[in-house]
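Please model the entire structure based on the sequences and the hints provided.
Position 117 of the sequence shown, counted from 1, bears residue number 117 in the numbering used here, the numbering being contiguous throughout.
These are computed hints drawn from the structure, not numbers from a lab. Just so you know, not all the hints are guaranteed correct.
Stated by the list, open to error - Result set (SDA-like, lysine to any residue): computed pairs, CA atoms no more than 20 angstroms apart in a straight line: (1) Lys18 with Arg136; (2) Lys18 with His66; (3) Lys18 with Ala147; (4) Lys5 with Gln104; (5) Lys18 with Val102; (6) Lys5 with Thr37; (7) Lys18 with Gln104; (8) Lys18 with Leu129; (9) Lys18 with Pro88; (10) Lys5 with Arg26; (11) Lys18 with Glu114; (12) Lys5 with His96; (13) Lys18 with Leu140; (14) Lys18 with Asp107; (15) Lys5 with Glu56; (16) Lys18 with Glu128; (17) Lys18 with His96; (18) Lys5 with Glu114; (19) Lys5 with Ile47.
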Amino acid sequence: MTGTKQPISVLVVIHTPKLDVLVLERAAHPGFWQSVTGSREGSEALIDTARREVLEETGIGAATEHFVDWSIINTYEIFSEWRHRYPPGITHNTEHVFSLQVPQRIDITTAPDEHRSWQWLPWLQAAELCFSWSNRDAILMLPQRLASRT
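Right, here's the structure in full:
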């Protein structure tokens with residue numbers, strides 16, 4: 001069966017005011033840690049994709065106004081093992097970066113088919129753990145992004 005997944009996705013860095021960052025371990029790839037990610041469904045707005053993915057992957061229900069759109073877009077090659085999820089000929093994904101601040105480290109509920117574990121880490125440790133360059137780079141930008149909002 002040909003995949004129908006859109007090559008348009010969101011990356012949501014969830015963090016506390018003290019710059020602790022939530023990272024999730026992929027169920028199908030133990031040792032692969034990341035922030036919340038997910039593809040757009042239908043014609044939903046990207047902010048709605050971010051909100052839906054955070055709720056699905058962590059159980060955190062946040063209003064759209066709590067998300068910050070960084071206006072950063074990354075394009076990267078889709079791993080060959082995941083290309084079957086997309087229509088034929090699709091080799092690259094366009095990722096839009098968002099963040100969500102929560103008051104403190106909170107317990108989350110992962111989607112077991114997607115993630116096997118989670119942890120809160122100081123931002124530098126979280127960045128070092130991420131397998132994705134775009135995720136690492138977003139976390140490394142977090143202090144500067146927060147400082148520019150105050």
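Hints, verified against the model:
{"no.": "1", "hint": "Lys18 with Arg136", "in the structure": "holds, 18 angstroms"}
{"no.": "2", "hint": "Lys18 with His66", "in the structure": "holds, 17 angstroms"}
{"no.": "3", "hint": "Lys18 with Ala147", "in the structure": "holds, 12 angstroms"}
{"no.": "4", "hint": "Lys5 with Gln104", "in the structure": "violated, 34 angstroms"}
{"no.": "5", "hint": "Lys18 with Val102", "in the structure": "holds, 10 angstroms"}
{"no.": "6", "hint": "Lys5 with Thr37", "in the structure": "holds, 13 angstroms"}
{"no.": "7", "hint": "Lys18 with Gln104", "in the structure": "holds, 8 angstroms"}
{"no.": "8", "hint": "Lys18 with Leu129", "in the structure": "holds, 18 angstroms"}
{"no.": "9", "hint": "Lys18 with Pro88", "in the structure": "violated, 44 angstroms"}
{"no.": "10", "hint": "Lys5 with Arg26", "in the structure": "holds, 18 angstroms"}
{"no.": "11", "hint": "Lys18 with Glu114", "in the structure": "violated, 27 angstroms"}
{"no.": "12", "hint": "Lys5 with His96", "in the structure": "holds, 16 angstroms"}
{"no.": "13", "hint": "Lys18 with Leu140", "in the structure": "holds, 14 angstroms"}
{"no.": "14", "hint": "Lys18 with Asp107", "in the structure": "holds, 16 angstroms"}
{"no.": "15", "hint": "Lys5 with Glu56", "in the structure": "holds, 17 angstroms"}
{"no.": "16", "hint": "Lys18 with Glu128", "in the structure": "holds, 18 angstroms"}
{"no.": "17", "hint": "Lys18 with His96", "in the structure": "violated, 24 angstroms"}
{"no.": "18", "hint": "Lys5 with Glu114", "in the structure": "holds, 16 angstroms"}
{"no.": "19", "hint": "Lys5 with Ile47", "in the structure": "holds, 18 angstroms"}
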